[in-house]
Amino acid sequence: MRRRVSDNTLWFWVFVGPFAAGLALFTYVPLLWSVYLSFFDAHNTVSPTDFVGFGNYTAMLRDGAFTSSLGTFAVFSLFIVPATYALSLGLALMVHRVRRFQAFFRSVFFLPAACSYVVAALIWKMSLFSGVRFGLVNTVLGWFGVEQTAWLSTTHPPWYWLVIVTVRLWLQAGFYMVLFLAGLQRISPRLYEAAAVDGARPGWQVFRYITFPQLRATSVAVVLLLVINAFQAFDEFYNLLSDARGYPPYARPPLVYLYYTALGQGQNLGMGSAGAVILALIIAVVTVFQARWFGLGRKEAD
Amino acid sequence: MTISRRTLLGSGAALGLLTACGSNTGRGKDGSTGGKVALGHWYHQYGEPGTEDAVRRYAAAYDRAKVNVQWRPGNYDQQTAAALLTDAGPDVFEVNGPTLDQIQGGQVVDLTSLLDGVKDDFNPAVLAPKTYDGRIWGVPQVVDTQFLYYRKSLLAAAGVRPPATLDQLVDAARALTRDRVKGLFLGNDGGAGVLGGTPLYAAGLSLVTADGAVGFDDPAAARTLGKLHQLYADKSLLLGAPSDWSDPAAFTQGLTAMQWSGLWALPAVLKALGDDFGVLPFPKDGPGGRPSVPVGAYAAAVSARSKHQAEAKAYVKWLWVERADFQEDFALSYGFHIPARLSLARRAAKLREGAAADVVSFVTDHGYAQPLLWTPALQTAYQDALNRIIKDGASADSELRAVVRRAKDELQRVKKH
Chain G
13 MRRRVSDNTL WFWVFVGPFA AGLALFTYVP LLWSVYLSFF DAHNTVSPTD FVGFGNYTAM
73 LRDGAFTSSL GTFAVFSLFI VPATYALSLG LALMVHRVRR FQAFFRSVFF LPAACSYVVA
133 ALIWKMSLFS GVRFGLVNTV LGWFGVEQTA WLSTTHPPWY WLVIVTVRLW LQAGFYMVLF
193 LAGLQRISPR LYEAAAVDGA RPGWQVFRYI TFPQLRATSV AVVLLLVINA FQAFDEFYNL
253 LSDARGYPPY ARPPLVYLYY TALGQGQNLG MGSAGAVILA LIIAVVTVFQ ARWFGLGRKE
313 AD
Chain C
207 MTISRRTLLG SGAALGLLTA CGSNTGRGKD GSTGGKVALG HWYHQYGEPG TEDAVRRYAA
267 AYDRAKVNVQ WRPGNYDQQT AAALLTDAGP DVFEVNGPTL DQIQGGQVVD LTSLLDGVKD
327 DFNPAVLAPK TYDGRIWGVP QVVDTQFLYY RKSLLAAAGV RPPATLDQLV DAARALTRDR
387 VKGLFLGNDG GAGVLGGTPL YAAGLSLVTA DGAVGFDDPA AARTLGKLHQ LYADKSLLLG
447 APSDWSDPAA FTQGLTAMQW SGLWALPAVL KALGDDFGVL PFPKDGPGGR PSVPVGAYAA
507 AVSARSKHQA EAKAYVKWLW VERADFQEDF ALSYGFHIPA RLSLARRAAK LREGAAADVV
567 SFVTDHGYAQ PLLWTPALQT AYQDALNRII KDGASADSEL RAVVRRAKDE LQRVKKH
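Here the protein sequences come in this chain order: G and C.
Note that our numbering has the first sequence beginning at 13, numbered continuously upward.
Note that our numbering has the second sequence beginning at 207, numbered continuously upward.
What the hints contain is simulated information worked out from the structure, not anything from laboratory work.
Any given hint might turn out to be false.
[To be verified] To be clear about the criterion: a stretch of chain G counts as covered by chain C if any three or more of its residues have a C-beta under 8 Å from a C-beta of chain C, and this derived list gives those stretches:
#: 1; region: 137-144
#: 2; region: 176-189
#: 3; region: 215-222
[Said to hold, decoys possible] Derived contacts from chain G toward chain C, CB cut-off under 10 Å, selection only:
#: 4; residue: Asn150
#: 5; residue: Thr151
#: 6; residue: Gln197
#: 7; residue: Arg198
#: 8; residue: Ser200
#: 9; residue: Tyr269
#: 10; residue: Gly278
None of these values were measured; they are calculated from a predicted model.
Where a beta carbon is used, it is the ideal one built from N, C-alpha and C, also for glycine.
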């Protein structure tokens with residue numbers, strides 16, 4: 013019996029150990045190291061000696077480019093969170109109602125989620141929204157006599173948002189649709205029967221008073237995930253807008269700016285870490301606030 | 207003995223963990239092979255075919271050490287910057303620098319002694335940014351430059367003469383813009399990235415003065431940069447082209463009548479257009495102006511983390527100082543660069559005729575190299591401002607004032623060291 017216990021401990025560590033070690037080594041150590049670096053003047057070094065206290069933090073908060081990148085993020089999430097939410101919910105409602113070929117439609121809409129952000133960004137940049145006359149969108153608009161537009165280079169009006177938002181919408185709507193579908197399938201049919209008996213009109217009224225409230229927990233999770241994903245936006249921005257000489261000052265989310273500060277030729281690891289810590293704090297505060305506000309973890313329709 | 211499924215899984219996981227810890231640093235296991243020291247030498251990926259084979263051939267010809275060449279595609283500056291923080295980096299590496307922070311951070315080794323006696327044979331314009339505190343921190347390999355390509359036939363058809371001033375360039379670009387052809391291509395971002403300090407030098411100013419002060423704290427700077435917005439506002443600029451300014455495709459395919467690009471593009475332009483093109487420096491602006499072209503050089507540097515610094519320095523000296531035949535081959539046989547050695551540049555027959563000869567004279571007469579004190583942080587701040595001036599029509603005056611303020615702080619910081 014004793015042998016059994018020690019065996020279990022051994023096997024626990026055999027299975028958990030590598031992952032725990034990996035997590036510590038590749039996540040927690042760098043994380044803490046980054047916090048440590050943020051208090052030093054760390055140009056081109058990860059073992060700095062020049063302690064500057066909160067100097068990097070104040071410099072970062074005074075840096076107009078960094079604060080405007082936070083603004084960029086806010087604008088981006090204002091676009092992308094409601095748009096993805098509405099689109100994926102709409103898709104889920106439609107697919108849910110389809111009687112035949114449901115598996116087919118589900119797969120078709122889910123498929124883009126399997127595509128890499130980099131690949132999709134390049135397709136959007138090079139073939140759909142290419143600025144010259146042979147880009148797909150410009151070709152189609154050209155049939156109607158519309159002048160060619162440089163989608164990613166025009167700042168008035170900011171057409172680049174159209175490219176950035178559509179690529180992410182296409183990539184992630186299918187994934188959230190699946191989450192909503194799972195939520196829809198858990199709603200008891202009896203509720204709809206009761207609603208019908210009580211005289212609720214099918215369509216908007218049923219959606220407003222039965223479906224939508226019943227999806228509360230799913231909605232909260234989806235919005236939370238969408239906001240965090242928006243915070244982490246990097247791939248499509250970088251691949252759509254960067255060039256050999258850097259990145260334009262518009263549509264520059266915090267991670268892209270920090271990437272250039274800390275990991276570009278600048279290698280200002282102290283400032284970069286300070287920015288990363290600020291960003292992490294903002295994400296933490298927003299998430300906690302959101303979770304309390306929406307009551308994350310409460311049961312459906314509590 | 208029977209092996210249970212669990213034992214098998216357990217040992218498999220352990221083995222996987224062990225093998226995952228290998229790494230390839232480009233050096234031998236213990237830093238030496240067959241009695242000879244092993245050196246890792248990194249290059250960024252050159253686009254021209256044959257270059258990789260050539261550098262491997264040079265390395266193989268060195269008999270005092272075993273040199274492992276690593277040819278690194280992707281974002282080279284970031285790869286080297288990260289590798290220099292660890293022991294897994296290269297011994298010798300080429301760098302578009304070294305940057306001031308790399309020098310001040312003690313990441314690269316002083317190479318002054320390598321150039322004893324031949325220092326004057328290196329192009330002074332590109333040697334200057336490799337020099338800090340009177341010491342030399344990188345050996346220039348080849349000189350590269352950028353300038354304006356223009357299509358002679360399109361200019362003739364529009365009745366436009368090759369522009370000699372910035373105002374003429376703005377007018378020419380407008381006149382050359384037709385239904386399907388734009389007047390000028392300065393990169394997909396509208397020019398902020400590739401032009402950098404070039405317009406300032408064309409206005410007779412500079413990024414950083416010789417004594418380390420801000421070089422564009424002058425009303426002329428705002429006047430000149432403001433004219434670049436005119437190009438954008440006139441819709442004379444090609445934007446959103448499939449390949450960026452460094453590739454001559456937009457020019458050779460007739461998407462634009464003029465394009466800013468590099469010397470490396472010359473063979474491709476020559477092949478596509480024959481003699482239907484000419485080259486120009488960035489035109490001067492204002493009374494104190496003079497034409498300008500940027501010059502730069504990749505340099506060979508030695509990492510301070512190398513365990514074989516003496517051997518690495520000896521190898522750099524052998525390749526980039528002594529072996530003139532290899533330097534000439536590297537500069538002229540594959541891509542198209544100007545040798546960093548003045549004696550080789552004078553000898554090169556390919557550089558004595560046609561557009562190439564014009565370019566060499568631009569470099570000699572109008573070339574400026576980005577000062578070492580112009581740090582990446584300043585580059586970002588300035589490029590952001592220029593971008594807003596060109597595309598948003600932001601006031602050049604107030605944008606530049608902010609950059610000047612930032613530049614004063616940053617120059618103060620780097621001079622503290």
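Status of the hints after comparison with the structure:
1. 137-144: Contact hint for the region 137-144 of chain G vs chain C: holds, 5 residues under 8 Å.
2. 176-189: It is violated: at least three residues are needed, and the region 176-189 of chain G offers just 0 whose Cβ sits closer than 8 Å to chain C.
3. 215-222: Coverage by chain C is violated for the region 215-222 of chain G (0 residues, Cβ < 8 Å).
4. Asn150: holds (9 Å)
5. Thr151: Violated. Min distance 13 Å.
6. Gln197: Cβ of glutamine 197 of chain G sits 36 Å from chain C, so the hint is violated.
7. Arg198: Violated - the Cβ of arginine 198 of chain G stays beyond 10 Å from chain C, reaching only about 36 Å at its closest.
8. Ser200: Violated, because the Cβ-Cβ distance from serine 200 of chain G to chain C comes to roughly 42 Å (cut-off 10 Å).
9. Tyr269: Holds, because the Cβ-Cβ distance from tyrosine 269 of chain G to chain C comes to roughly 9 Å (cut-off 10 Å).
10. Gly278: This interface hint holds because 4 Å falls under the 10 Å limit.
When each numbered hint is compared with the structure, violations occur for hints 2, 3, 5, 6, 7 and 8.
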